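Generate the whole structure from the sequences, applying the supplied hints.
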Amino acid sequence: MWRKVPLRDEYEVVIIGGGAHGLACAYYLAKDHGITDVAVLDKSYIGSGGSGRNTAIVRSNYLTPEGVRFYDESVKLYEQMACELDFNVMFSQRGHLTLAHSDASVRTMRRRAEVNKLQGVNSRLIWPDEIARLCPHLDLSDHPRHPIQAALYHPPGGIIRHDAVVWGYAREADRRGVEIHQETEVTGLRVDDGRIQGAETSRGLVKAGKVLNATAGWGSTIAGMAGIELPMTTFPLQACVTEPLKPFLNTVVVSGSLHVYVSQSDRGELVTGASVDPFASYSLAGSLSFLEEISGHLLELFPCLSQVRILRQWAGLCEMPPDFSPIMGITPVEGFFIDTGWGTYGFKASPICGKTLAALIATGRTPDLIAPFRLSRFAENQLVGEKGAASVGH
Amino acid sequence: MLILDCPNCGKRNASEFRYGGEVHPRPPAAQQLSEAEWAHYLYMRPNQQGVQSEWWYHRAGCGLWFLAERHTYTGQVTRTWLPENPKSDD
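The listed protein sequences correspond, in order, to chains A and B.
90 is the number that the numbering used here gives to position 90 of the first sequence; each next residue is one higher, with no gaps.
63 is the number that the numbering used here gives to position 63 of the second sequence; each next residue is one higher, with no gaps.
Quick caveat, the hints were computed from the structure, so don't treat them as lab data.
Treat the hints with care, as some may be off.
Unchecked claim - Derived SDA-like pairs (lysine to any residue); straight-line CA-CA distance at most 25 Å:
1) Lys43(A) <-> Val51(B)
2) Lys11(B) <-> Leu288(A)
3) Lys11(B) <-> Pro278(A)
4) Lys11(B) <-> Leu284(A)
5) Lys43(A) <-> Tyr73(B)
6) Lys387(A) <-> Met44(B)
7) Lys387(A) <-> Arg45(B)
8) Lys11(B) <-> Ser289(A)
9) Lys31(A) <-> Pro46(B)
10) Lys43(A) <-> Tyr41(B)
11) Lys387(A) <-> Tyr43(B)
12) Lys387(A) <-> Val23(B)
13) Lys387(A) <-> Gln48(B)
14) Lys387(A) <-> Trp38(B)
15) Lys387(A) <-> Tyr57(B)
16) Lys11(B) <-> Ser287(A)
17) Lys387(A) <-> Ser15(B)
18) Lys43(A) <-> His71(B)
19) Lys387(A) <-> Pro46(B)
20) Lys387(A) <-> Val51(B)
21) Lys43(A) <-> Pro46(B)
22) Lys11(B) <-> Gly209(A)
23) Lys43(A) <-> Gly50(B)
24) Lys387(A) <-> Tyr41(B)
25) Lys387(A) <-> Leu42(B)
26) Lys11(B) <-> Lys387(A)
27) Lys387(A) <-> Trp55(B)
28) Lys387(A) <-> Gly21(B)
29) Lys387(A) <-> Glu54(B)
30) Lys43(A) <-> Gln48(B)
31) Lys11(B) <-> Gly286(A)
32) Lys387(A) <-> Glu22(B)
To be verified - FRET-style restraints, in silico, Cβ to Cβ:
33) Ala285(A) <-> Pro27(B): 42 to 52 Å
34) Ser306(A) <-> Ile3(B): 26 to 36 Å
35) Pro367(A) <-> Gly10(B): 46 to 56 Å
36) Met1(B) <-> Pro322(A): 21 to 31 Å
Computed from a prediction, not measured in an experiment: that's the story for all the values here.
The beta carbon of each residue, even a glycine, is placed where N, CA and C say it ideally should be.
Next comes the structure, spelled out in structure tokens:
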């Protein structure tokens, strides 16, 4: 799939983090800008972090115009991806339902639908009769504590095979000359006179005039090596899968109020996750309280699942910024770029992140699409409040 | 599950508490800070893997806010104390 080559001591660009973001950036550096003197470093195997731990949901029905525009470009790149990378990423645009269980929630969904439509995104508010047609197993009666009142329906949303996205980008980047170095941990960054000089790694110093921090969870740690503090806190996010069932769930179903989202994979398993854990941590350990909570909430939506067993659970790390929007672009250290603050919504943005950051690294100009997400927005009081559509809405 | 030793009620499951974030003292003479310094205080956090001091609120118990020293990877809590009682190891 990709070569294993010796690590050189100098590259034009070093990308820290071999996940979907870092590898997409490497791919677009090579494809769009002809920059192939690039090393992607990962402390473990590629896709071992957030890229392999998310619930693989792709959508663009966000709340702010900035967010909607950005994620919609990502969905469009996902639509072309299998063809572009010559790799079956199994993108299934099966539709995405975000349930509303209260008047306030219905109002937010209506607002999201209108913001989405203004940006040309297919998204609308639907009522229980239409929800029942799309998802007949959902409990739409008035029995639950929080009966379902409406839903935001987003037909282009869906699920994808996240490992294939990582491998597809890795193979194509490698074919174009990018080097992928696994088991290579960055332990420090060299900064001289306000300019990045390179990265110290577990395999020696690697010099580079341009370094991208594309890690998830450890974004603050890596930025701290360059003397930069970032406005985010790392929390684990847990997810689990059930035993395989015959196909019955044709859409992705999300409930922000119940802190649960669920989809049925091609193998028939239900993939389901919650919001981040209630306290900050770097631990990837699963907890019983998560299983208890998610099972309860899942049964409120689908009482028919009461006999289904959970096969396994896992956790990934999410760095949460105060406004639930990413923090990407330039930093006060020249040549040091960040792709951080991806909270619980990073995977679905991978292609457009890679493309825009590659343009920034190659040209030095920040693309308009990512300018709202700049680090300096916090000092400028220009936050992009996306909590209403990003906190649990995967 | 994480177990916290509330300085008032003793050891309880973390689900009884609400996490209040890293200790982050308000800078003295806040009115004299520049906008950049104020924004830095407001938003930037060390967020490092390791031992940190943090706030917890015992919402399902005595209702007190207290402080804890916890490792953000291992989850080990080395001590808890009340803010008015900084020297205490309780």
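Checked hints:
no.	hint	in the structure
1	Lys43(A) <-> Val51(B)	holds (22 Å)
2	Lys11(B) <-> Leu288(A)	holds (18 Å)
3	Lys11(B) <-> Pro278(A)	holds (18 Å)
4	Lys11(B) <-> Leu284(A)	holds (24 Å)
5	Lys43(A) <-> Tyr73(B)	holds (17 Å)
6	Lys387(A) <-> Met44(B)	holds (19 Å)
7	Lys387(A) <-> Arg45(B)	holds (19 Å)
8	Lys11(B) <-> Ser289(A)	holds (17 Å)
9	Lys31(A) <-> Pro46(B)	violated (36 Å)
10	Lys43(A) <-> Tyr41(B)	violated (32 Å)
11	Lys387(A) <-> Tyr43(B)	holds (16 Å)
12	Lys387(A) <-> Val23(B)	holds (24 Å)
13	Lys387(A) <-> Gln48(B)	holds (24 Å)
14	Lys387(A) <-> Trp38(B)	holds (23 Å)
15	Lys387(A) <-> Tyr57(B)	holds (23 Å)
16	Lys11(B) <-> Ser287(A)	holds (18 Å)
17	Lys387(A) <-> Ser15(B)	holds (23 Å)
18	Lys43(A) <-> His71(B)	holds (22 Å)
19	Lys387(A) <-> Pro46(B)	holds (22 Å)
20	Lys387(A) <-> Val51(B)	violated (29 Å)
21	Lys43(A) <-> Pro46(B)	holds (21 Å)
22	Lys11(B) <-> Gly209(A)	violated (52 Å)
23	Lys43(A) <-> Gly50(B)	holds (19 Å)
24	Lys387(A) <-> Tyr41(B)	holds (21 Å)
25	Lys387(A) <-> Leu42(B)	holds (18 Å)
26	Lys11(B) <-> Lys387(A)	violated (34 Å)
27	Lys387(A) <-> Trp55(B)	holds (23 Å)
28	Lys387(A) <-> Gly21(B)	holds (18 Å)
29	Lys387(A) <-> Glu54(B)	holds (24 Å)
30	Lys43(A) <-> Gln48(B)	holds (17 Å)
31	Lys11(B) <-> Gly286(A)	holds (21 Å)
32	Lys387(A) <-> Glu22(B)	holds (21 Å)
33	Ala285(A) <-> Pro27(B): 42 to 52 Å	violated (36 Å)
34	Ser306(A) <-> Ile3(B): 26 to 36 Å	holds (31 Å)
35	Pro367(A) <-> Gly10(B): 46 to 56 Å	holds (55 Å)
36	Met1(B) <-> Pro322(A): 21 to 31 Å	holds (28 Å)
When held up to the earlier numbered hints, the structure conflicts with 9, 10, 20, 22, 26, 33 and fits the remainder.
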